[in-house]
Amino acid sequence: GAVVSQHPSWVICKSGTSVKIECRSLDFQATTMFWYRQFPKQSLMLMATSNEGSKATYEQGVEKDKFLINHASLTLSTLTVTSAHPEDSSFYICSAREDNEQFFGPGTRLTVL
Amino acid sequence: DAKTTQPPSMDCAEGRAANLPCNHSTISGNEYVYWYRQIHSQGPQYIIHGLKNNETNEMASLIITEDRKSSTLILPHATLRDTAVYYCIAPVNNAGNMLTFGGGTRLMVKP
Numbered sequence: 001g002a003v004v005s006q007h008p009s010w011v012i013c014k015s016g017t018s019v020k021i022e023c024r025s026l027d028f029q030a031t032t033m034f035w036y037r038q039f040p041k042q043s044l045m046l047m048a049t050s051n052e053g054s055k056a057t058y059e060q061g062v063e064k065d066k067f068l069i070n071h072a073s074l075t076l077s078t079l080t081v082t083s084a085h086p087e088d089s090s091f092y093i094c095s096a097r098e099d100n101e102q103f104f105g106p107g108t109r110l111t112v113l
Numbered sequence: 001d002a003k004t005t006q007p008p009s010m011d012c013a014e015g016r017a018a019n020l021p022c023n024h025s026t027i028s029g030n031e032y033v034y035w036y037r038q039i040h041s042q043g044p045q046y047i048i049h050g051l052k053n054n055e056t057n058e059m060a061s062l063i064i065t066e067d068r069k070s071s072t073l074i075l076p077h078a079t080l081r082d083t084a085v086y087y088c089i090a091p092v093n094n095a096g097n098m099l100t101f102g103g104g105t106r107l108m109v110k111p
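Protein sequences appear in the order of chains A and B.
Mapping of the first sequence onto our numbering: residues 1 to 113, in sequence order.
Mapping of the second sequence onto our numbering: residues 1 to 111, in sequence order.
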């Protein structure tokens, strides 16, 4: 299947700083990418749908000004957690759509101190 | 997406078949049944999907009841590396749209 990568795989930051997470489709072009968040012992929750060249669509309860999504090319979407706080500590997972299938990245573990 | 119900956890002996059930009694005609699994601290991995007919690939088999209200994922010879959370999802049309993950089944394969 298609390969999706994320960078970094883990990050630790201080409260109040911003963190950028990259999601890349390595061997295909993805006009649509999805961002999920997963807290410990919970399931994945969709945060937003990222469309190349247009604004992301955020799920209810997800602050668009706090979680900035940019999908500037067909192989790259970025999620920036602005002014991160300890409650933003989570496992962030992206996925990319190719044809009618969805392929997931390995995830990024964010820890905010 | 149609609501799916799965047992929260299951155990399976190594080398034996693991049969993971999923109930999707409200599934509609254009909703497929997809199975993903998530090994600890990794992203979900696609396993298999089907609409009406039973399906088999190198990883697993998917048995869908005739009325499509339930399905079973079968791992024919479970190994310790199959220990994971297994998610049954019934998205509208296909998995190219947003996926709604439920609680899944935590499968523990024991030696």
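Since the hints were derived computationally from the structure, they do not count as laboratory data.
Errors might be hidden in some of the hints.
[What the hints assert, rightly or not] In silico SDA-like pairs for lysine to any residue, Cα to Cα no more than 25 Å straight-line:
1) A:K14 to A:A2
2) A:K64 to B:M98
3) A:K55 to B:T5
4) A:K41 to B:T5
5) B:K110 to A:Q42
6) A:K41 to B:Y46
7) A:K20 to B:Q42
8) A:K41 to B:L80
9) A:K64 to A:G16
[Claimed, not checked] Distance windows between CB atoms, simulated:
10) A:L74 to B:L80: 37 to 45 Å
11) B:I74 to A:S43: 17 to 25 Å
12) B:M108 to A:E101: 25 to 33 Å
The beta-carbon is built from N, C-alpha and C at its ideal position, and this holds for glycine as well.
Status of the hints after comparison with the structure:
| no. | hint | result |
| --- | --- | --- |
| 1 | A:K14 to A:A2 | violated, 34 Å |
| 2 | A:K64 to B:M98 | holds, 18 Å |
| 3 | A:K55 to B:T5 | violated, 34 Å |
| 4 | A:K41 to B:T5 | holds, 17 Å |
| 5 | B:K110 to A:Q42 | holds, 23 Å |
| 6 | A:K41 to B:Y46 | holds, 20 Å |
| 7 | A:K20 to B:Q42 | holds, 19 Å |
| 8 | A:K41 to B:L80 | holds, 20 Å |
| 9 | A:K64 to A:G16 | holds, 17 Å |
| 10 | A:L74 to B:L80: 37 to 45 Å | holds, 39 Å |
| 11 | B:I74 to A:S43: 17 to 25 Å | holds, 23 Å |
| 12 | B:M108 to A:E101: 25 to 33 Å | holds, 28 Å |
Comparing the model with each earlier hint shows violations of hints 1, 3; every other hint is respected.
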